[in-house]
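Those sequence lines, one after another, are chains A and B.
Just so you know, we're using our numbering here: the first sequence kicks off at 1 and counts up by one.
Just so you know, we're using our numbering here: the second sequence kicks off at 1 and counts up by one.
Just so you know, these hints were derived from the structure itself, not from any lab.
Careful, some of the hints might be misleading.
If several chains are the same, the list does not tell them apart, and a pair holds so long as it fits within one copy or across any two.
In silico BS3-like pairs for lysine-lysine, Cα to Cα no more than 27 Å straight-line [claimed, not checked]: (1) K335 x K467; (2) K461 x K335; (3) K490 x K406; (4) K371 x K101.
Number of protein chains: 2
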Amino acid sequence: MKFRPFVRNLALLAACLAAPFSTRSDEGMWLFNNPPVEAMKSRYGFEPSPAWLEHIQKSSVRFNNGGSGSLVSADGLVFTNHHVASDCLQKLSSAQRDYLKTGFSAGGRSEEPACPDLELNVLMSIEDVTGRVNAAVPAGAGGAEAERARRAIINTIEKESLDKTGLRSDVVTLYDGGRYHLYRYKKYTDVRLVFAPEKAIAFFGGDPDNFEYPRYDLDITFFRAYENGRPAKVEHFLKWNPQGAREGELIFVSGHPGRTDRLDTVNDLEFLRDVANPLSLNVIRRREVMARAFSERSMENARRAEDELFSYQNSRKARLGMLAGLQDPSIMNRKRTEENQLREAVRKSAELQGSYGDAWDRVAAANRVQKEIYGAHYLWERPQAFNTQLFEIARDLVRMAEETRKPNAERLREYSENALPSLQQALFSEAPVYDDLEAAKLADSLGMMVEMAGAGDPLVKQVLAGKSPQERAVELIQGTRLKDVSVRKKLAAGGQAAIEASDDPMIRLARLVDPAARKLRAAMEQKVEEPKRQAYAKLAAARFAIYGTKVYPDATFTLRLSFGQAKGYVEGGRRIPWTTRMGGAYQHAAEHQNREPFQLPESWTRNKDRLDLNTPFNFVSTADIIGGNSGSPVVNRAGEVVGIIFDGNIYSLVLDFAYTEERARAVSVHSAGITEALRKIYDARQVLSELGVGK
Amino acid sequence: MKFRPFVRNLALLAACLAAPFSTRSDEGMWLFNNPPVEAMKSRYGFEPSPAWLEHIQKSSVRFNNGGSGSLVSADGLVFTNHHVASDCLQKLSSAQRDYLKTGFSAGGRSEEPACPDLELNVLMSIEDVTGRVNAAVPAGAGGAEAERARRAIINTIEKESLDKTGLRSDVVTLYDGGRYHLYRYKKYTDVRLVFAPEKAIAFFGGDPDNFEYPRYDLDITFFRAYENGRPAKVEHFLKWNPQGAREGELIFVSGHPGRTDRLDTVNDLEFLRDVANPLSLNVIRRREVMARAFSERSMENARRAEDELFSYQNSRKARLGMLAGLQDPSIMNRKRTEENQLREAVRKSAELQGSYGDAWDRVAAANRVQKEIYGAHYLWERPQAFNTQLFEIARDLVRMAEETRKPNAERLREYSENALPSLQQALFSEAPVYDDLEAAKLADSLGMMVEMAGAGDPLVKQVLAGKSPQERAVELIQGTRLKDVSVRKKLAAGGQAAIEASDDPMIRLARLVDPAARKLRAAMEQKVEEPKRQAYAKLAAARFAIYGTKVYPDATFTLRLSFGQAKGYVEGGRRIPWTTRMGGAYQHAAEHQNREPFQLPESWTRNKDRLDLNTPFNFVSTADIIGGNSGSPVVNRAGEVVGIIFDGNIYSLVLDFAYTEERARAVSVHSAGITEALRKIYDARQVLSELGVGK
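Build out the structure end to end from the sequences listed, making use of the hints.
Structure below.
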């Protein structure tokens, strides 16, 4: 359940509002600079020290392609999920060498292959810059002026910090406008593959078992961070605990939940329910069907589209669960009640009412605008009309040329001085591009463009140039030279003149679409996002005033600390135990007659007799997680790794907007099961010894 | 590529307009009472005699679940496609006995199992009743009055004919209002299974190979029609030709093409492109994804949903092809040119212009109304909000009680005296109903209902009764007793009083929705269909006046005759031969490493050495066919079976609105390949001897 943002630029993700804090549950995705000390103390008698928190924080890793991980050795060994790594595994594979199928184990450090475009971040510090950001926005400024001023100060703060520290410096919007924090990251861009099992066991049970429990998945991969061509020497890393979590034990999860909408206004939730989620689900379904049809034509097609297809399936299941929650009248009624309580509390105080009372209506007004432009923005700016990395590359080249001519403060966020290196890391990736897959994707999305914008739309007509979506897609993909990284680099180096001179059809297409796309982006930022930011700042202030400051912000793909217990649950009257055992994998395969995706890899059938089949394999806990937390270390009080988050159960799918402790569970691989598999199935002695686990 | 009508009631299918006839191609789906004699004569030197036509007509069979077939022995042996039969095969199967997997071969006539609800029709006569129908509609009547009058006279004509002849008597609307013909059918409702191969070879290549060529599919099944508990003795049946079609030979196809839109006005095509097809494709995709997710959970789930999933995949591929055509500017421009030519010709004659000149604008006006009500009509009347047979059963019971209290002339078409027996045949089917599958389908469609109609819609709220779509679906499916056929029969016998007294939740739901649904149906019939019928009657008259009467009407799932040549084509510069050979099946399997859906059944691998691998297996022809033609016999000049239609190639998908002879091809199983397989793989001596093929 990796977090795969549809919106590529993380800075654009809508963030949300904090939930009233309750010490009666394990709820919360907490900031490391505002941890739930009281709750942990009162519920579990545990009080984290500043050193403990710093150690966990600096051992945690963000995977910028949408997941989490942790440092687990002094030599930069990084531990994450296989399904977070699969993007890299796919890019390192070819028709002759399929690491998703065979798994991978480096014979030694010299044999660790580098991922083409992976960036890892480790959070080094947090600084509150709310005052400075808000002071830069003139009081009473309109949406356009306010948005420009806010963007300028944020770009400036980031650049100053980057120049001063050399660290990636992101100003993060929390409480969707209530706070602005400057996050400084140590960045690793040379990341190499150390060990991955076969996908058949990493994702055993496939799509049918995804978001389900009980489970039997070895969803792990080890990478190594390099610096200057050598394994990174790190001060903070987590100690491996080969016994793993025990039932009832207090555990912590440190990771990067991608997005929640827990304290969205009801109007915002309705927008998700009525507009955003139905559209994105229809698009995900059509792409899933397209990718599967492509895959089924040949084995090599299946290999090429494998990670893409997984991504659609994973998103579809996650969003279906979210939408089901939004369509459940009982859940929406609860949300309405909570909102009315807060509004009532505000109304009772003349001061609060005067300052914050109009916030809800302002959100609703912004959504009325959003409804008008959402579809067009989705097509042209996000830009879902062009579902191919080659268009994204073309657009980045076109925009980079234009934006980098402007002063840093005026640039679109993703082309600011601070953001540019990460963008270029992706732009100049040597990952393979498959013409046939890209053409199938683009043809489908051009068809969707005709459906959504209408065949008579002037821009649609220009995009198609008199051809059918299918024909035009093939022409564009076959015609573009952007598959060659040296061509991209040359265009980037040539700046605006090179872009204007280019006759590459994809560059021309990106230029054709850009004026309309930029207009839509400006409208979205100025008329929807900035007004909402201001309204949610009021809502946050109202909450702080009424509920106090022990409130956590909605998830924003930044580092958070969750806590909970390893604990089973009851489903349909039946007790679901807290853990599964390795022997269960064999039974589960047999129940499905060993047919895909329930076919265990040969390494597992061959080594069955060597295993202690009673070893815990996967386990559930009450920790509050969501997509993006995939790969997060699960640690005990001593800060040792006792497992790794890789999924949530089916009841966790509503965690996007409401935490429930009754049946919603995070699903982890147990470190005892991992140790047993590394030792007896994979004979991965080097990894084990680096983890400090001898014979 | 069986024709699976989304609209259950065939009488409701929108029909269309005739294409200008051309003797320069093999175009046309011809009426048996207006065959293309000149074209056949001039192109192929063949002139069919009335006796030849009558023999072919009366040997042709319509499968009322959406396909075609033929009588091939004096004892009522019926020959069709496996994928037309799969509905019955699915219904006859259980967890212990899976005929789709194993195939079926009756040991003798006593071992032929009866299909639960299959109805076959053989066309006995055609009578033109246009004058009588139009005379009953008062000149200048408004949509509502005209629609009622037309429905009354059609119901009356059918009832009179039924009473007089005892034959099923359908008034068929041709040229979408240009002509009304009374079709009288001999009806078989006791249909039993004789022989079916394994689905693995019948649908070898599965969804990836569907609508593709070259192909290697044994897509055949034999049934037997029974009368009074005995094999039907038939006068007309087709002789089997074990040599089969030869390259270049003139062949004929007699079958039931479901729907074409060849001479829709451009405005109607735009409606298909912009509204109808995108919606239905999104719905098909979501159901395909839902059915596949259901299937993948267990082997038994996969068996239960198998035919359902195939149906979605098949529709998706067909409609994607259609939509791709509609989105192709070059095709739409051609359509526009054709329309302008006709309009110009009408405009040149004051008389034609006065009588017919407003037809195009009238169609456009009807579509403006249609656009307003299409979504609601789709949800509540078609009724796609409730994707479960149990709702359809409930609604039929509710409406039958109400409609049968009215005089025949006033009833909704499907509850008229003539239509009722067929409706009851389906209503009282003993086919299995699986709670889990029905609940999954209903939950998905209720979710779609919320998305389309909005969570705040009063009817939506009443339907959900405060529950989530998922919860409500489970409650309805588990609560209804309509799974028991005796309950249905009791409710049907009890009439309106029994319906009103029933506390069955599905009956209550159907009653809740019915007033709104009926209102939408009336609006669609009175404000869209009747005005279009009148407008298309004008267009038809204009065409007859300008192009002459040698014009074929669009397909309406009634019997048509097509002709053409067994002939290959050129694709990307490569010659695609007219036929494949049986040995090719083994090569094709090997190329895909024998993985599903490219895994040959054991019977084929075991008997490979016995086969003449050079025997023709599948072949292509220029005959003009479309969905619904599946199972149509391919006959030679002597009227002998030389093959059976089962698919069209990828270029045939635009045949819905334009015939092209260049690359569009019908795909058939060759009778030599069938004979070889029956003899050497299945040792089906009884079938072979009944076909007159000895050792």
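Okay, the hints, checked on the actual structure:
no. : hint        : in the structure
1   : K335 x K467 : between (48 Å within a copy, 15 Å between copies)
2   : K461 x K335 : between (44 Å within a copy, 18 Å between copies)
3   : K490 x K406 : within (20 Å within a copy, 79 Å between copies)
4   : K371 x K101 : neither (44 Å within a copy, 49 Å between copies)
This entry does not satisfy hint 4, going by the numbered hints stated previously; all others are met.
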